[in-house]
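Below, each chain spelled out in residue letters.
There are 2 protein chains.
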Amino acid sequence: MTIKDIARLADVSVSTVSRVLNNHPDVSAKAKERVLAVVDKYNYIPNTSARELGKSTSDNIGVVVRGMANPFYTKIITVMGSLIEKAGFTMVMQQIGITDDEIMTAAMMEREKHLQGLIFLGGKLDYTKEKMQCINIPYVCLTFNNQYGNLADSDYSSVCIDDNQAAYEAVEALFNHGHKKIAVLLSGACDGSVSQVRFAGFKRALQNHGIELDENLIIEINSYNITDAYEGMKQWLKKDLDFTALFAISDNMAMGAMKALREAGKNVPEDVAVIAIDGIEASEYMNPVLSTFCQPMEEMGREAVNLLVDIIEEGKPNKHITLKPLLRAGETLK
Amino acid sequence: MTIKDIARLADVSVSTVSRVLNNHPDVSAKAKERVLAVVDKYNYIPNTSARELGKSTSDNIGVVVRGMANPFYTKIITVMGSLIEKAGFTMVMQQIGITDDEIMTAAMMEREKHLQGLIFLGGKLDYTKEKMQCINIPYVCLTFNNQYGNLADSDYSSVCIDDNQAAYEAVEALFNHGHKKIAVLLSGACDGSVSQVRFAGFKRALQNHGIELDENLIIEINSYNITDAYEGMKQWLKKDLDFTALFAISDNMAMGAMKALREAGKNVPEDVAVIAIDGIEASEYMNPVLSTFCQPMEEMGREAVNLLVDIIEEGKPNKHITLKPLLRAGETLK
Numbered sequence: 001m002t003i004k005d006i007a008r009l010a011d012v013s014v015s016t017v018s019r020v021l022n023n024h025p026d027v028s029a030k031a032k033e034r035v036l037a038v039v040d041k042y043n044y045i046p047n048t049s050a051r052e053l054g055k056s057t058s059d060n061i062g063v064v065v066r067g068m069a070n071p072f073y074t075k076i077i078t079v080m081g082s083l084i085e086k087a088g089f090t091m092v093m094q095q096i097g098i099t100d101d102e103i104m105t106a107a108m109m110e111r112e113k114h115l116q117g118l119i120f121l122g123g124k125l126d127y128t129k130e131k132m133q134c135i136n137i138p139y140v141c142l143t144f145n146n147q148y149g150n151l152a153d154s155d156y157s158s159v160c161i162d163d164n165q166a167a168y169e170a171v172e173a174l175f176n177h178g179h180k181k182i183a184v185l186l187s188g189a190c191d192g193s194v195s196q197v198r199f200a201g202f203k204r205a206l207q208n209h210g211i212e213l214d215e216n217l218i219i220e221i222n223s224y225n226i227t228d229a230y231e232g233m234k235q236w237l238k239k240d241l242d243f244t245a246l247f248a249i250s251d252n253m254a255m256g257a258m259k260a261l262r263e264a265g266k267n268v269p270e271d272v273a274v275i276a277i278d279g280i281e282a283s284e285y286m287n288p289v290l291s292t293f294c295q296p297m298e299e300m301g302r303e304a305v306n307l308l309v310d311i312i313e314e315g316k317p318n319k320h321i322t323l324k325p326l327l328r329a330g331e332t333l334k
Numbered sequence: 001m002t003i004k005d006i007a008r009l010a011d012v013s014v015s016t017v018s019r020v021l022n023n024h025p026d027v028s029a030k031a032k033e034r035v036l037a038v039v040d041k042y043n044y045i046p047n048t049s050a051r052e053l054g055k056s057t058s059d060n061i062g063v064v065v066r067g068m069a070n071p072f073y074t075k076i077i078t079v080m081g082s083l084i085e086k087a088g089f090t091m092v093m094q095q096i097g098i099t100d101d102e103i104m105t106a107a108m109m110e111r112e113k114h115l116q117g118l119i120f121l122g123g124k125l126d127y128t129k130e131k132m133q134c135i136n137i138p139y140v141c142l143t144f145n146n147q148y149g150n151l152a153d154s155d156y157s158s159v160c161i162d163d164n165q166a167a168y169e170a171v172e173a174l175f176n177h178g179h180k181k182i183a184v185l186l187s188g189a190c191d192g193s194v195s196q197v198r199f200a201g202f203k204r205a206l207q208n209h210g211i212e213l214d215e216n217l218i219i220e221i222n223s224y225n226i227t228d229a230y231e232g233m234k235q236w237l238k239k240d241l242d243f244t245a246l247f248a249i250s251d252n253m254a255m256g257a258m259k260a261l262r263e264a265g266k267n268v269p270e271d272v273a274v275i276a277i278d279g280i281e282a283s284e285y286m287n288p289v290l291s292t293f294c295q296p297m298e299e300m301g302r303e304a305v306n307l308l309v310d311i312i313e314e315g316k317p318n319k320h321i322t323l324k325p326l327l328r329a330g331e332t333l334k
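Chains as they are written, first to last, in the working numbering: chain A, 1 to 334; chain B, 1 to 334.
Just chain A, same shape as in the assembly (with noise of 0.2 Å):
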C-alpha cells in the first residue's frame, strides 16, 4: 500500500494524505479523519524519513509520553536516559497529546528510528491484540498496565503502581478523617487511562462505606493538565454543592483544584481535605503541602529499562511488576 492508495481510498489528493501523516496544521478536520480511517483500516504505516532508509543496525530504544508536560513523568524520564545510556542504548524520546495515538506513534517510530525496544510511558489500559500487531518489538507500559484489553501476560511487559488500590486507600484515608460528602477530581470516568482505574477505587471505598456514587460530586476535566484543573475546579465550585473533602487523582490536578478553593475562599484542610496520588517535588512545596500517595518514580524508571535491556539483550520474557505507593502525610488531610 502506497501514499496514493490511500489517497484514492479516502478520495483527497496525496498532498493531503502527506500533510495528514506528517502532522502539518493546515489541513481539514474531515480529509484528516478520512486519511485516518483509511489509515486505520488497512494499518499502514508509513515511512516518511527516507534519509533513514540507509540504516541497517540502531541502538535506538523508543520512549513514548504521553502528556510530557506532565511534571510527574520528569524524574522517571531523567533516569530512564542515564539509565539506558549507560546500557549502552539511545534514547529517542517522542511525545504526544493526551487525544493521539500512541501505538500508532510507536509503530511509525520502530520503522523511522529503527528502535531495539520500546517504553510507553503512560497510556492507555485498552490494546488489543488486533492492534498490537503493528508493534514487532519487546515494549514496557509504565504506569499503567493492560487490564481494560485483551493481552496476554506474555505479550508485554509492565511496571506500574495497583492505581485502583492507591486510590481506593487515598479515598479510605478521608473516610478515616470522618468525610462522607467526597468530591473527586477526574481526567476521564471511562477513557480507558489510569483516570477510570483510580475512579473505579474510589467507587470501590464509597461502596465500602455503603455511600452512594453522587454524580454532582465527579468533576471530569477530561485533561491532566494543572491549568484545565484549576478552570475545572473553579466552574465546579460555581455550583456551590456540599463537600468537606477532595480526591484528586494527581498531584498536579491537586494542585489546580487547591489554588481554585483558595480563591473561592475555602480553606484547606478546615474547609475542604484534600488527597491525591503520584507525590511530585512541586506539591511537597505547597502551602499547605499536598498529602498524597506517592509512586517511586526513580524505581519506576529503573525498573522499567532493566526489564527491556533484559528482554532485548538476554532474550527474558516479558514480566510484569507491580510497586507499592507510600503515603506522604502533608498537611491537607483532616
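Hint data in this document are derived by calculation from the structure and do not stem from the laboratory. Some hints here could point you the wrong way.
No distinction is drawn between identical chains; accordingly, a pair holds when it is met within one copy or between any pair of copies.
As the list claims (entries may be wrong) - Calculated cross-link-like contacts (lysine to any residue; reagent style SDA-like; alpha-carbon spacing at most 25 Å):
#, residue 1, residue 2
1, LYS86, ASN150
2, LYS238, GLU284
3, LYS266, GLU284
4, LYS316, ASP100
5, LYS86, VAL27
Quantities reported herein were computed from a predicted structural model and do not represent experimental measurements.
We have chain A; now place chain B onto it with these hints.
Just chain B, lined up with the frame of chain A:
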C-alpha cells in the same frame, strides 16, 4: 591515543579507565581524578559505542541538558522535541549533573551519536575557543551566552534573555516597594553559570541605590535544586539576620525558600517579600503566587531549534537572539 595510553599515563588499570569513561559508580575518587586529568590534558574523546561505528549518516540533533530535573526545562524540552521531529530530525537528549562538563559530554555525543547539530540547554558562560575545538558541528547555547568566555559571535549561536538586566529589574521592583535589606539566594556567586550573571545584576541594582553589598545576606547553595534551596534557606534563617526581602535567582529555589520561611514563622509577603526569575508553571500555583520574571520558554525552544535547523540545512550563519522576560505580578511582592 588509546584507552591503554590513558591507563599508562594515569597509572591505573585499563579497566579503571573504562569504568571512569563509562561513568561507572565503583571507582575511587582519586583514580577518577587522575584519569580525567589525562583525558582533559590530551583532549581524548572515547568512542565507546562500537555498534554505532557502522553508521555513516544520521539525522540526530543532540540536546545536552544541565540539570534536567529542573522544571524550568520541561516546557522547553517539550517544544524542542516536537519541533526537531517536525523538521525531520531525531532528538537525542543527554542529561548531566551540575558539576559535569557539558562540552566533554557533547563531544562524545557528537561522535557516538553522529550528531548533525547540538543544543546546550543550560551551561557555563565561559566556553573558550580552545575547549570548543572538540566540537565540530553547529551548536546553540540555550538560556545562556558566552559573556565570560572568548568565543567570537560567529563561532556559536545563542538564545537567552538578558539575565543581568532581569535580575536588576527584579531587585529594582523590591526597591520600589521600599525594601533596602535584600537577601539573595543563588547557586554560585562566581561559578561561570547564569547564577553569576544574575548576581551581577543584583549587585548593579544595589550600587544604583548606593547600598553596599552585605556578605551576610548572600545565601549560596551551589545547586539549583529545590530541596537544597529549602535546606540552605533553613540553615541561613537560623542566623536570624535582619532582612525584609529575598531575591531568588530561580523560581524553583524561591519555592524551596518560601517553605523554609513559612516554617520559620515568617509570612510572605508581609514579613519578607520574594521575587525570582523563570516563571515555571508550579510557582503560579503556590500560596501565595510567586512574583517572578517569566522567561518565554516556548519561544526560546522554538528559536533554538529554528536557528540550528537553518544552520544545518541551509548553511546560515550563527546568530544571537535575546528575548524579553515578562513580570508576573504574583502575590509575594509587597
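Verification of the hints:
Proximity of LYS86 to ASN150 under the C-alpha cut-off of 25 Å is found in neither arrangement, the shortest distances being 34 Å within a copy and 33 Å between copies. In this homomeric assembly, LYS238 and GLU284 come within 25 Å of each other (Cα to Cα) only across copies, at 22 Å, whereas the closest approach inside a single copy is 28 Å. In the homo-oligomer, the alpha carbons of LYS266 and GLU284 lie at most 25 Å apart both inside one protomer (20 Å) and across protomers (18 Å), since each shortest distance falls under that limit. With identical chains, the CA atoms of LYS316 and ASP100 are never at most 25 Å apart, being 31 Å at best within one copy and 35 Å at best between copies.
In the homo-oligomer, the alpha carbons of LYS86 and VAL27 lie at most 25 Å apart only across protomers (15 Å), although the nearest pairing inside one protomer, at 42 Å, exceeds that limit.
Consistency with the previously given hints fails for numbers 1 and 4, ordered from lowest to highest.
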